[in-house]
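Residue numbers (this note's numbering), protein chains in the order written: chain A, 1 to 380; chain B, 1001 to 1900.
Just so you know, these hints were derived from the structure itself, not from any lab.
Fair warning: this is a prediction, and the values are worked out from it, not measured in the lab.
Please note that the accuracy of each hint is not assured.
If you want the footprint, here are the derived chain B segments under chain A, 3+ residues with CB under 8 Å [stated by the list, open to error]:
hint	region
1	1232 to 1244
2	1724 to 1733
3	1747 to 1758
Positions of the beta carbon are idealized from the N, C-alpha and C atoms, including for glycine.
Here are the chains, one letter per residue:
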Amino acid sequence: MSISLVHTADWQLGKAFGAVGGEAQGRLRDARFEAVRNVGVLARERRADAIVVAGDVFDSGTAADPTLRRALIAMESFAGPWVLLPGNHDPATAEGVWARLRRLGLPGNVIVADRPEPVVLAGGRLVVLPAPLVRNNETDDLTAWFDTAPAPSGAVRVGLAHGSIPSRLPADADARNPIADDRCARAGLDYLALGDWHGTLRIDARTWYAGTPEPDRAKDNDPGNALLVRFDRVGAEPVIEPVAIGRYRWHALRRAIHRSADVAVLTDDLRALDRPLDRPLDRHVVELALEGTVDFATRAALTAALDDLAARLCDLRVNEGRLAVLHSEDDLRQIPATGFVGSALARLREAAMGSDAQAGIARRALQILYVECRQPQAGH
Amino acid sequence: MRIRRVRIREFRKLCGPVCLEGFGDGLTVIAGDNEDGKSTVLEAIRAALFCRHRASDEFVRSLAPFGCAGARPTVELDFDLNGVTWHLRKTFCHKPHEALLMVAGGGAGLSFKGDAAEEELSRLLGLPRGNRSVTKPAEQGVWGLFWVSQGTAFEADGAPSDGSRTTLTGALEDELGRVLGGDAAPALLTRIRQRCDDLFSESRNVARGQLKLARDAKDAADKDVARLQAALSDYQVKLAELQSLRDERTRHEREQTLTQAETAVRAAEQEQRRIDGLQQREQQSVREAELAHARYDQARGAWRVRHDDIQAAKVVAHEEAARAVELEAARQRLEPAKALLTQADSDLEAARQRQQAAETRFADTERALRRARLRCDLFTDSEALRRAEAAEAAAAQASAAAAAIPVDDAAIAALRDGVAAAREASVRLDAAATQVVFTPEAGQCIFIAGHEVAPGQPLRLAAETVVTLEGFGSIVIRPGGEDLAERQRKAAAAAAVVAERIARCGAADADAAEAAHARRRQHLLESDSERRVAASVAPQGLEALRAAVAVKTAELASLPAVAAVEAEPVLTDAAEAAADAARAEREEAARGRARAQQVRDGYARDAEQAGSGEISARTRAESAEARSRELQQALADTRNTIADQTLLSTLDDEKANVIAADALLAQARDAVQSCAPKAVAERLDGVRRHLAETQDRLRRLDNDVRDREGELRGLGQNGIEDELAAAQGALQRAGRKLAAVEEDAAALRLLYDTLRAAEQDARRSFAEPITRRMSPYLRTLFPGCELDFASETLELRHLRRAGCDEPFSRLSVGTREQLAVLTRLAFAELLSERGQPAAVILDDALVYSDRSRLQRMQAELLRAAERLQVLVLTCRPDDYAGLDVPTIRLADCFVPDALV
C-alpha cells in the first residue's frame, strides 16, 4: 500500500516585496497564499497522505496576525495533515509566530513540528522526523538526532529539515544551518524533505529540495513547484513528480542599447515572454538591467517603449545605472539654434564634454532643451 | 549682399515667368498693385535662398501654383556677395529637383549642383547646416529678419501682444528679441523659467512642487525605515532576552540550586548550634572568674587602706615635732627687735621738736623782713605822692593863669591876620594914595588938619585933604579914583577889624595882645611840664598811687612786730640776713628729722616681721599637733574593728580563688576556639544569603519571563519585518526618484542660467549699439521730445514732451511699424560695419504711417541705403516718387515666354 505526500517549502507568507512597487506588490503577496491553497488542492486531488512543509512557512517571526489567519484559511484546501517545520525565517523562538499561531487556534490537521520528536501520521504508516530551528542560524546539524530516532517497522520514515548541504549546493548558496549530505543513509530515512533553497533541486534519489511553490525572486533555479512523493512500499525508492504551482514567472535580463533598433529588439523580446508556457505578460515579473550609450532620440524612444512594457507586465524594474545618454549631432540639429539659443547651445555642448558630474548635468540640460524645442507648445 | 536679378516661374500666383532686374545698389522701389504678386516675389527670393530644393514639406508644396498640377516652381536669383556675383537656380516640388549655384560668368571650378549647391549656399549665407528647410523667419536667423513683410511688425507669429509692448523699451526689446532669437527663444526661456519655478524658489533655497514632494517622500521613507528598524531590533533584543531568561530558569531547575542551598543551610545551622552550647559554657566561666577577681581586688583594697593609714599617722607625728622647734626659734628673734624700735621712736621725737623750733624762728624772721620792705616802699610812695600832688597844683595854677588871658592862639592869629590885612589895605591905599612931598623953600610949615607935617617926607593922601601951606594958603587935595575910596574904605574897615580884635583880646593894643598871648603860652607850657612831672612820678595816676600807699599802710599795720626776744631789725638788709640764717637752720632741722624717721621705720619693719613670724610658727605647731592626735585616734579605731592580721589572711585566700577560676575559664575558651566559631558563623551567613538570593533570583526570573512574554505577545503580531521590507523598498524608490528629480532640477537650473546668460550677452553685444544707433531715429520719430535711456538696461526712462513727463501709453500701429523698420535698419548697419552685409526688403511695410512720418522714414531709408541695398515693395510708388531711386514696375516684368 503506497504512501504519498506533497513536499513543499519556503512559502514565506507575508513577504513584503518592498522592492516591487505599486499594485504588483499586493498581487505578488496574494499569489503566495494562492500557491498554498493550490498545494492543498494538489494533495487533495492526488489523494496524498500528508503535506510536509520544510521550513520558512512565514517570512518572519513578526508576521502579522492577518497573515497567520490567511495561512490557516489557505490550508483549509486539504483536510489531511499539514506538517509545518520552523525554518530560519520563522524559527521556534520563545514567543514567536508559532506561539501566536497556536493561540489563534490550530485546526486539528495542522501540526507544528517545533520539537525534535517524531510525528506519526497515516495511522502509523508514515513517520515524519522534524529538525526544527529555534534560532535564525544554527551552527550544529539539527538532523543529527535522526540517526538515533526509533524506527518502527512498517512505517515510511521521512526526515523534514531546513538548511544547506554545504558540499552539494551551487557555490553561491550560503552555508548556515548545515545538514550532512549523507543524513538520509545514516539515519535510514526513506526520504529527506529539505527546504531553504528556493529552486526545485535533486540532491540524490531520496533527498530533494522542493523549492518555493511561488517564485519570489528572479533567480533561474526552477522555482514555482511542489513535489509529489510516492512510496510504493516501505524502503522503496520514492517516485518524485514536480508539479508546477506558481502563478508568476520572474526574469532577470540584461540588455545593451546603442541605437533605436536595439529598442525595438528589446521590446520584441519582452513582448515575447508570454509565448513559452503561454502565460500572459501580466504574469511576468521582469528585472531589466540596461547598459550602453544612447542619444536623445533613442532615449526618448526607449522611455516610451519601457512605459508601454511596464503597463503590460506585472512589474518591470529597470536598472539604467549603466545606460548613458549622450547627444548626437542629429539631436542637436533638431534644436533651432537661433540667436542666443544657439550660443547657449554651444556653451552647453562645451560643458557637456567631460565625465564629471557637472558634465552630466550639462548633458541632461541639453536633453531638456531638445525635448522642449521639439514640443514648444506642450511646454511643461 | 545685393540682389541683382530675379526670375520666377510657376511660383504661387506667378504662373507665367516674371523677371525683375535693374536693382540699384542702394534704395530700389518695386512697385506693384495689390494682388500683383509683390509678396510672392519676396517669397520666391526667400525660397530660393532658404528652402531645400528637394524638400517635400508642406511649405514647399505650397509654392506650387494652384491649378497647375505637375508645375515645377522655379526661381533664379543673381546676387552679389562679398564681391562675387552668384547665379542661383532652384526648382521645387516635383522631380527632377534642381539646384544650381555658380559664379556668374563661368569658371567651372565654382559651380555647384544639387545638395552641394545647397551646402555651398548655406555656407555663403552663414545658415545653420542641415537637411531641413529653414522656412520660418525665425530660423533664417539674421538674414530672414531683415525682410520685413507687410504687417509683420505687429503680427506676433502667434504670440499674444502683451503689456511689454506698451513701453518703448518693451517694443525695442521685442524687436531685438526677434532679431536675436526669434519669437521662440523668449518663449523658450519663459518655459524653462516656469519649470524651474515649479521646482524651486527664486533664491533656489526652497524646494517646490515635484522636488519638494520627492524630498519629503524620501525623508518620510527614511523616517519610516529608521522607526521600523528600531522597533525590529527592539523586538529582537527582547526576544533574545526572553530566551536567555528561560534558559536560566531551566538551568536552575536542572541543577536543583534551591534544594542544595536549603540543605547547606540546615547543616550550617546544626554546626552553629553546637558551638552555641560551648559558648554558653564559656560565658559561665567568664562570669565566675570575674567574680573571683572582684573579691580579690576587694581584699587587696582593704589591706592597702590600712597600710596607708599607718603610714599617714607616722608622717604627721614627725611633722608635729618639727613645728615645735620652729616656734621656739621665732620667739627668740622677736624680743630684741622690739627694744630697738622703742629707742628709735624716742630719737625721732627729739628730732621733731628741734624742727618745730627752727620753723618758728624762720617764720619770725620772714615777717620782720616783710615789714622792713613794706616800710621802705611806703616811704618811697609817699614821697612820690607828695611830689606828684605838688606838680599837679602847679600845673593847675598855670592853667588857670593861662585861662585868664583871653588871647588864645585863635585870637592872636585873628589879630595878626587883621593887622596884616590892615597893613595891606593901608599899603594899597598908600599905593593908590596921592603921594605928596612937600618941600618948602624956606622952611615953611605944612599943616594938615592942624597938624604940622614934616617936609621932605612923602605923604600919602587917600582922602580929601586940606593942606595948609604956610605962606601960601591951603591946598585941597582930592585923591582920585573910586578905587581909592574903596581902598580907603577897606583900610578903614581893616583898621576897624583890628581894633575890634584887639578889644576882644582885652588888650590895649596889638603889642599888648601879643605879650598877653605870649604869657598865656608860657603858662600853658608850665602847666604841661608840671603835669609831665606828675605823670612821671605817678605813672599810674595819683589815685593809684594814693591807693597803693593806703594798701601798704594797711598791710604794715596788719603785720605784728616780732616778739621782743630779739630786736626787730629795721633795716631790710639786716632783716634779710636774719631770714637767711633762720632758713638754713630750718632746713638742717628738717633733715635731722627725716633721718630719724628713716631709722625708726627700719626698726619698725624688723619688729613687725619678727612678730608675724612668731605668730605663724605658733599656728602651724598647733595644727600639726591636732592632726597627729586625730590620726592616731582613727588608726586605733579601725584596728579595733579588724585587726591587721585578719586582712592579710583574707587577701591570701582570695588570691588562690582567682587562680583557680582563671584556669577553668581558659579551658572553656579553648573548647570554643577549637571549633572555629567565626568560620562557622560566616558559613552560616553565607549559605543563608545564598539561599535568599537564589529564592529571590528564581522569583524574579519567573516575573521577568512573564513580563517579557506579555510584551512580546503584544509586539510580535505587528508584522514588523514585512513592514520594514516594504519601507526599505519604498525608500529605495524614493531615493531614486529624488535623484532623478534633483538631476532634472540641476539641469534646468543650468539650462536656464545658460540661456539667460546667452541672451544677456547677445543683448549686450547688440542692444547697446543698436539703441545708440536708433536713438537719432527715435528722436526723429518723436521730435521735440527728450528721450532718456538708461545705459545698462536700455530702459527708456522718460519721454518728456513740452516739459511734462509722459508715460508711454500703448504705441500706435504706425509707430510700431516704424520701429520695426528702424530696428532692422540699425541692425543691418551694425552688421554691415562688422562685415556682414545684408539686404533689407520692406514689403508694404509702412502702410500705417502718416505722410510726415513717412517722409522722415524715407530719409532714413535713403541714409541706410548708402551702405546697404534696401528694396521697398509698395503699391504706392507715388510716395517714393520724390526720391531719385530706381523703380521697377512689377507689371512690366512679366516676360511673355520662356526663361533664358
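So, going through the hints one by one against the coordinates:
| no. | hint | verdict |
| --- | --- | --- |
| 1 | 1232 to 1244 | holds (count 5) |
| 2 | 1724 to 1733 | holds (count 9) |
| 3 | 1747 to 1758 | holds (count 8) |
Going down the numbered hints, you'll see the structure goes against none, and every one checks out.
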